[in-house]
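Student: Heads up: the protein sequence lines correspond to chains A and B, in order.
Just so we're aligned, residue 50 is where the first sequence starts under the working numbering, counting upward by one.
Just so we're aligned, residue 50 is where the second sequence starts under the working numbering, counting upward by one.
The set of hints was computed from the structure by calculation and includes no laboratory data.
Heads up, some of the hints might be wrong.
Any copy will do: because identical chains look the same in the list, a pair fits if it lies in one copy or spans two.
Derived PhoX-like pairs (lysine-lysine); straight-line CA-CA distance at most 25 Å [to be verified]:
#1 162 with 240
#2 162 with 52
#3 248 with 201
#4 201 with 247
#5 229 with 240
#6 136 with 52
#7 52 with 201
#8 247 with 155
#9 197 with 248
#10 201 with 240
#11 136 with 125
Owing to the predicted nature of the structure, the values given are computational and were not obtained by experimental measurement.
2 protein chains.
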Amino acid sequence: MAKRGMLIVLSGPSGVGKGTVRKEIFSQPGNNFHYSVSMTTRDMRPGEVDGKDYYFVSKEEFEQQIKDDQMLEYAKYVDNYYGTPLKYVNQMLDSGKDVFLEIEVKGAMQVRKKAPDGLFIFLTPPDLMELRQRIINRGTDDIETINKRMEKAVDEIEMMQNYDYAVVNDVVEEAAEKIKTIIRAERWRVKRFLPDYKKQLGDFK
Amino acid sequence: MAKRGMLIVLSGPSGVGKGTVRKEIFSQPGNNFHYSVSMTTRDMRPGEVDGKDYYFVSKEEFEQQIKDDQMLEYAKYVDNYYGTPLKYVNQMLDSGKDVFLEIEVKGAMQVRKKAPDGLFIFLTPPDLMELRQRIINRGTDDIETINKRMEKAVDEIEMMQNYDYAVVNDVVEEAAEKIKTIIRAERWRVKRFLPDYKKQLGDFK
């Protein structure tokens with residue numbers, strides 16, 4: 050029996066640049082994880098390819114998948130569904146391949162419930178970390194500016210605490226590199242490989 | 050207030066090559082963590098330097114440190130004490146520096162109790178992972194050889210499950226590189242930086 054693959058989830062506030070970082074990661078050679086293509090009911094845009102950018106399906110088909118509990122996560126934005134079909138993800142994981150999802154924060158929380166052993170990475174806007182610096186060097190900003198940033202920071206922290214790691218998207222190449230470092234390190238995490246290893250020893254006994 | 054540093058503990062079965070891997074890590078440039086020198090009551094050997102290889106102290110001094118609860122961990126081997134003085138470690142951590150300990154398995158478990166937020170890395174002998182391969186390719190070894198290895202494997206697994214990560218010491222340079230990757234990735238772990246970050250936001254409010 051092959052070792053089950055790792056489910057890698059990249060998420061973060063909208064506009065943080067998840068797609069750009071994901072493309073950067075996949076543009077580099079030597080990745081042995083698979084990108085899970087999302088499913089949507091929205092119209093295909095010029096240049097998009099079915100099965101590559103999205104699986105484009107009808108509203109009825111999508112709702113049937115939900116009904117059959119075949120979606121790992123999904124959400125509705127402006128009358129259209131977006132989500133991750135479970136079937137492809139499970140096929141890949143079962144064959145020992147790692148699967149990479151790049152999804153919205155709400156979707157990531159659905160995945161966390163269904164797959165608690167996934168690796169959850171939060172992409173943070175640079176100003177959250179800048180805020181830290183600004184607070185340290187008090188007095189350079191007016192209080193209203195800092196207060197607005199504080200509110201945003203509190204929201205982002207709320208989201209972040211449900212993740213294993215957080216990476217600042219300051220320079221895209223650096224964020225991509227950090228995410229790859231995290232994925233590499235996680236392979237040596239005892240809780241990830243020990244259950245499989247014990248099972249193999251047990252099978253032998 | 051400076052962010053508290055990270056306590057990094059490298060351990061593993063005796064003879065696995067912890068010292069060699071630690072020296073390899075520290076021989077490379079760009080490390081910003083500090084090696085914690087152990088304290089011992091054994092005699093200084095030719096070439097050893099007090100305060101570099103060990104802090105060499107008398108039995109009475111060591112026992113006073115134990116009495117005063119000033120040892121992070123210690124053990125007695127063949128009439129001599131070996132251990133990690135708490136004072137230096139805490140000074141470094143409080144000033145925001147990361148501290149690297151390379152210690153025996155029993156000592157690591159004492160540290161785990163006192164500093165549960167430390168980063169615990171287990172160095173594994175290559176044959177533990179080879180065994181896995183041997184079990185997969187059954188029939189190439191006689192049953193007695195495999196059984197002996199199985200017993201050893203079970204012992205090592207018992208130890209390993211108390212650690213966060215396990216790295217095989219196959220090629221020293223590769224093991225060192227993996228450990229550095231793990232330490233790098235851990236810096237982006239939400240549970241490591243979020244408490245400090247929240248505290249800073251709170252201080253500002």
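Student: Looking back at the hints listed earlier, which ones does the structure fail to meet?
Tutor: Violated hints: none; all satisfied.
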